[in-house]
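Build the full structure now, drawing on both the sequences and the hints.
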Amino acid sequence: MAAGDLRHLRRTLDGNDIDAWDPEYIRRVLPVWKTVMGTYFRGEVRGMDNIPEDGPSLLVGNHSGGTLIADTFVFATAFYDHFGPYRRFHQLAHDIAARTPGTGISRWGTVAASHDNARKAFDKGAPVLVYPGGDYETFRPSWHSDKIEFGGRKGFVKLALERGVPIVPVVAIGGQETALFLTRGQRVARFTKWADLTRIKVMPVALAPPFGISLLDLPTRIPLPAKITVEVLPPIDLEKRFGPNPDYEEVYEGVTGQMQETLSELQEERTLPVVG
295 MAAGDLRHLR RTLDGNDIDA WDPEYIRRVL PVWKTVMGTY FRGEVRGMDN
345 IPEDGPSLLV GNHSGGTLIA DTFVFATAFY DHFGPYRRFH QLAHDIAART
395 PGTGISRWGT VAASHDNARK AFDKGAPVLV YPGGDYETFR PSWHSDKIEF
445 GGRKGFVKLA LERGVPIVPV VAIGGQETAL FLTRGQRVAR FTKWADLTRI
495 KVMPVALAPP FGISLLDLPT RIPLPAKITV EVLPPIDLEK RFGPNPDYEE
545 VYEGVTGQMQ ETLSELQEER TLPVVG
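Residue numbering for the sequence shown follows this note's numbering, starting at 295 and increasing by one per position.
A couple of the hints might just be wrong.
16 Å max Cα-Cα, derived EDC-like pairs, lysine to aspartate or glutamate [what the hints assert, rightly or not]:
1. LYS441 - GLU547
2. LYS441 - GLU559
3. LYS452 - ASP410
4. LYS418 - ASP348
5. LYS495 - GLU443
6. LYS452 - ASP531
7. LYS328 - GLU338
8. LYS414 - ASP311
9. LYS448 - GLU544
10. LYS452 - GLU547
11. LYS441 - GLU563
12. LYS448 - GLU563
13. LYS441 - GLU525
14. LYS418 - ASP316
15. LYS418 - ASP311
16. LYS452 - GLU533
17. LYS441 - GLU562
18. LYS414 - ASP313
19. LYS418 - GLU347
20. LYS448 - GLU547
21. LYS534 - GLU544
22. LYS414 - GLU456
23. LYS448 - GLU543
24. LYS452 - GLU544
Ranges between beta-carbon positions, derived for each pair [what the hints assert, rightly or not]:
25. LEU512 - GLY419: 37 to 43 Å
26. PRO528 - THR486: 41 to 47 Å
27. THR492 - ASP410: 18 to 24 Å
28. GLY506 - THR333: 24 to 30 Å
29. LYS418 - GLY446: 39 to 45 Å
30. VAL330 - THR565: 21 to 27 Å
31. ASP348 - GLU533: 16 to 22 Å
32. GLU562 - PRO528: 18 to 24 Å
33. THR333 - LEU512: 25 to 31 Å
34. VAL330 - GLN480: 50 to 56 Å
No lab work stands behind these hints, which were simulated from the structure alone. The beta-carbon is built from N, C-alpha and C at its ideal position, and this holds for glycine as well.
Pasting the structure below:
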């Protein structure tokens, strides 16, 4: 193994090295990702102009589809296509995803989800994509596809206020149709101590090809080709909208409420599951 490959492997396993971001790698793979995301998932991203042209911002999204979060890949592909591969951009992911070798997502800008990593990215002038709902939301039952479910997690509000960055809501639909998600399995995760061992608080069951039943997306499933639609909303200046000392609960309700309205509108556009 070459020295460069070893360095990249160490960075991947660390999951916290934002300098693993590799714009040349993104430039090379972007045409492939555009083809895959645009063809298989018929990815459609609206409102990219709502992301500030430069400087840091906190992109707050809902996400769906278990560990195979197609909406994230659709959006990240659209980001680099819109702004170019040389604009730094970071996505916060669960530790396990961020540290899995061989995926290339660390080069894409993915790091382990933490406020420290978000601050490092902000210090470099980068937009940061965060999914407050985490595993609770991405493994929600498929009949909750039209629901924003952050589980009351307000850390993103604290982070945005602390660093004085705008929140840009990113609303997606379609990911929960890439499989039939039956249950989060929260009780099972607690009973088996799985939540304590892995920081994953769910033990979800889904139906999907090729094996039929999967538990926590194992064995690996093939995501169904659901149409993914993402809408980026205008940036929110928290102090301007909520005052100089805003209440976290008020901000949380305001942001999630606006996202829920948009998600409901996107749901109304859809015709049939998978077909969209």
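Evaluated hints:
As the CA atoms of LYS441 and GLU547 are separated by approximately 14 Å, the hinted pair is consistent with the 16 Å bound. Restraint check for LYS441 and GLU559: the C-alpha separation of about 11 Å stays at or below 16 Å, so the hint holds. Only pairs whose Cα atoms come within 16 Å are accepted, and LYS452 paired with ASP410 is accepted, the gap being roughly 13 Å. Taking the CA atoms of LYS418 and ASP348, the gap is about 11 Å. The hint holds against a cut of 16 Å.
Restraint check: the Cα-Cα separation between LYS495 and GLU443 comes to about 15 Å, which is no more than 16 Å; the hinted pair holds. Restraint check for LYS452 and ASP531: satisfied, since their Cα atoms lie roughly 13 Å apart, inside the 16 Å limit. For the given pair, LYS328 sits about 11 Å from GLU338 by alpha-carbon distance, which is consistent with the 16 Å threshold. The hinted pair formed by LYS414 and ASP311 meets the criterion: a straight-line CA distance of about 9 Å does not exceed 16 Å.
For a cut-off of 16 Å, the pair hint linking LYS448 to GLU544 stands: about 10 Å separates their Cα positions. Distance check on the hinted pair: LYS452 and GLU547 sit about 14 Å apart at the alpha-carbon level, within 16 Å; holds. Pair hint LYS441 plus GLU563 holds up; C-alpha atoms about 15 Å apart against a cutoff of 16 Å. Simply put, LYS448 and GLU563 have alpha-carbon atoms about 29 Å apart, too far for the 16 Å limit, and the pair is violated.
Using a Cα cut-off of 16 Å, the hinted pair LYS441 and GLU525 holds, with the two alpha carbons roughly 15 Å apart. Distance hint between LYS418 and ASP316 is fulfilled; the C-alpha atoms sit about 14 Å from each other, no more than 16 Å. For the hint linking LYS418 to ASP311, the alpha-carbon distance of about 13 Å falls within 16 Å, and the restraint holds. Between LYS452 and GLU533 the CA atoms are separated by roughly 12 Å; this keeps the pair inside 16 Å, and the hint holds.
Among the hinted pairs, LYS441 with GLU562 is consistent with the structure: their alpha-carbon atoms are about 13 Å apart, no more than 16 Å. For the suggested pair LYS414 and ASP313, the alpha carbons sit about 10 Å apart, so the restraint of at most 16 Å is met. Only pairs whose Cα atoms come within 16 Å are accepted, and LYS418 paired with GLU347 is accepted, the gap being roughly 14 Å. For a cut-off of 16 Å, the pair hint linking LYS448 to GLU547 stands: about 10 Å separates their Cα positions.
Of the pairs offered as hints, the one joining LYS534 and GLU544 holds, with about 14 Å between alpha carbons and a cut-off of 16 Å not exceeded. Straight-line distance between C-alpha atoms of LYS414 and GLU456 comes to about 13 Å, which keeps the hinted pair within the 16 Å bound. Between the alpha carbons of LYS448 and GLU543 the distance comes to roughly 8 Å, so the proposed pair stays at or under 16 Å and holds. For the hint pairing LYS452 with GLU544, the CA-to-CA distance comes to about 12 Å; that is within 16 Å, so the pair holds.
The hinted range of 37 to 43 Å is satisfied by LEU512 and GLY419, whose Cβ atoms lie roughly 38 Å apart. Between PRO528 and THR486 the beta carbons are some 43 Å apart, a value that agrees with the proposed interval 41 to 47 Å. Restraint check, THR492 to ASP410: a C-beta distance of roughly 20 Å satisfies the suggested window 18 to 24 Å. In this structure the hint that GLY506 and THR333 lie 24 to 30 Å apart at CB holds, the actual value being about 26 Å.
At roughly 30 Å, the beta carbons of LYS418 and GLY446 sit outside the given window of 39 to 45 Å. In this structure, VAL330 and THR565 meet the distance hint of 21 to 27 Å, their C-beta atoms being roughly 23 Å apart. ASP348 and GLU533 have their C-beta atoms about 20 Å apart, which keeps the hinted 16 to 22 Å range intact. The given range of 18 to 24 Å is respected by GLU562 and PRO528, whose C-beta atoms sit roughly 21 Å from each other.
Look at THR333 against LEU512: about 27 Å separates their beta carbons, and that is inside 25 to 31 Å. With their beta carbons about 32 Å apart, VAL330 and GLN480 fall outside the hinted range of 50 to 56 Å.
This entry does not satisfy hints 12, 29 and 34, going by the numbered hints stated previously.
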